[in-house]
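Using the hints, position chain G against chain P.
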Amino acid sequence: GEDVEQSLFLSVREGDSSVINCTYTDSSSTYLYWYKQEPGAGLQLLTYIFSNMDMKQDQRLTVLLNKKDKHLSLRIADTQTGDSAIYFCAVYGGATNKLIFGTGTLLAVQP
Amino acid sequence: ETGVTQTPRHLVMGMTNKKSLKCEQHLGHNAMYWYKQSAKKPLELMFVYSLEERVENNSVPSRFSPECPNSSHLFLHLHTLQPEDSALYLCASSQERGTDTQYFGPGTRLTVL
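Chains as they are written, first to last, in the working numbering: chain P, 1 to 111; chain G, 112 to 224.
Derived from the structure by calculation, the hints contain no laboratory data.
Careful, some of the hints might be misleading.
[Unchecked claim] Sample of chain P residues facing chain G (criterion: CB under 8 Å; computed from the structure):
hint, residue
1, 28
2, 31
3, 39
4, 42
5, 43
6, 45
7, 48
8, 49
9, 92
10, 98
11, 101
12, 102
13, 103
[Stated by the list, open to error] List of simulated lysine to aspartate or glutamate pairs, DMTMM-like, C-alpha gap at most 25 Å:
hint, chain 1, residue 1, chain 2, residue 2
14, P, 67, P, 14
15, P, 67, P, 54
16, G, 151, G, 178
17, P, 56, G, 211
18, G, 151, P, 38
19, P, 36, P, 5
20, G, 151, P, 2
21, P, 67, P, 5
22, P, 36, G, 211
23, P, 36, G, 196
24, P, 68, P, 3
25, G, 147, P, 5
26, G, 130, G, 155
27, G, 152, P, 54
28, P, 98, G, 163
29, G, 152, P, 5
30, P, 70, G, 196
31, G, 130, G, 211
32, G, 151, G, 207
These numbers were taken from a predicted model, which means no experiment stands behind them.
Glycine included, every Cβ here is placed at the ideal spot set by N, Cα and C.
For reference, chain P alone in the conformation it holds in the complex:
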């Protein structure tokens, strides 16, 4: 089946930039999302990008999409302790007609 992969853990210092990476297998993916999950909470939509875009910026968040390599990244500028959470990449697959999630990347921000 279709697959979405993420690294499990990322640790950064407060004030640094964080880059969370995601790779996917469905070349017909149309919409790609980043969600944030804080402890004990549901998934909060952060941002999304259409497959016909290479980049999208929204305040401290920058999403980069490399369709050729099927690689998506989320950059958080000036990372704060409040950014500590699990970040999920999710890809809407044309082949599956479903939203496929990665296993999530735990971002730990050190003060």
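Only chain G this time, still in chain P's reference frame:
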């Protein structure tokens, strides 16, 4: 974001109990979803409803029974669960089924003893 609410937030039940999870969305959406989130596993899509009609059932055991009485409410009825069913159950909604963005509720943390 309080557009999607879920109750209860926490539930502990024995294997012989019957309980129900409730989801309500205040966004005017037509599609609603149940997901299961277990530790160290990707989110698993369980059920999809579009305009109150079940359109997808992903090989979920019959001890989970969904109900969608109207486009704003979604239930998950539980009976004779197993300990491995312990997980966070997340409800989501979207304007239409398909590529529309899904908005999630806070989840119900279920523990089966």
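The hints, checked one at a time:
no.: 1; hint: 28; verdict: 12 Å, violated
no.: 2; hint: 31; verdict: 5 Å, holds
no.: 3; hint: 39; verdict: 11 Å, violated
no.: 4; hint: 42; verdict: 4 Å, holds
no.: 5; hint: 43; verdict: 4 Å, holds
no.: 6; hint: 45; verdict: 6 Å, holds
no.: 7; hint: 48; verdict: 6 Å, holds
no.: 8; hint: 49; verdict: 12 Å, violated
no.: 9; hint: 92; verdict: 5 Å, holds
no.: 10; hint: 98; verdict: 6 Å, holds
no.: 11; hint: 101; verdict: 4 Å, holds
no.: 12; hint: 102; verdict: 6 Å, holds
no.: 13; hint: 103; verdict: 5 Å, holds
no.: 14; hint: P:67 to P:14; verdict: 31 Å, violated
no.: 15; hint: P:67 to P:54; verdict: 8 Å, holds
no.: 16; hint: G:151 to G:178; verdict: 28 Å, violated
no.: 17; hint: P:56 to G:211; verdict: 18 Å, holds
no.: 18; hint: G:151 to P:38; verdict: 15 Å, holds
no.: 19; hint: P:36 to P:5; verdict: 16 Å, holds
no.: 20; hint: G:151 to P:2; verdict: 18 Å, holds
no.: 21; hint: P:67 to P:5; verdict: 15 Å, holds
no.: 22; hint: P:36 to G:211; verdict: 18 Å, holds
no.: 23; hint: P:36 to G:196; verdict: 24 Å, holds
no.: 24; hint: P:68 to P:3; verdict: 16 Å, holds
no.: 25; hint: G:147 to P:5; verdict: 18 Å, holds
no.: 26; hint: G:130 to G:155; verdict: 21 Å, holds
no.: 27; hint: G:152 to P:54; verdict: 29 Å, violated
no.: 28; hint: P:98 to G:163; verdict: 18 Å, holds
no.: 29; hint: G:152 to P:5; verdict: 11 Å, holds
no.: 30; hint: P:70 to G:196; verdict: 33 Å, violated
no.: 31; hint: G:130 to G:211; verdict: 31 Å, violated
no.: 32; hint: G:151 to G:207; verdict: 29 Å, violated
Going through the hint list in order, the structure does not satisfy hints 1, 3, 8, 14, 16, 27, 30, 31 and 32.
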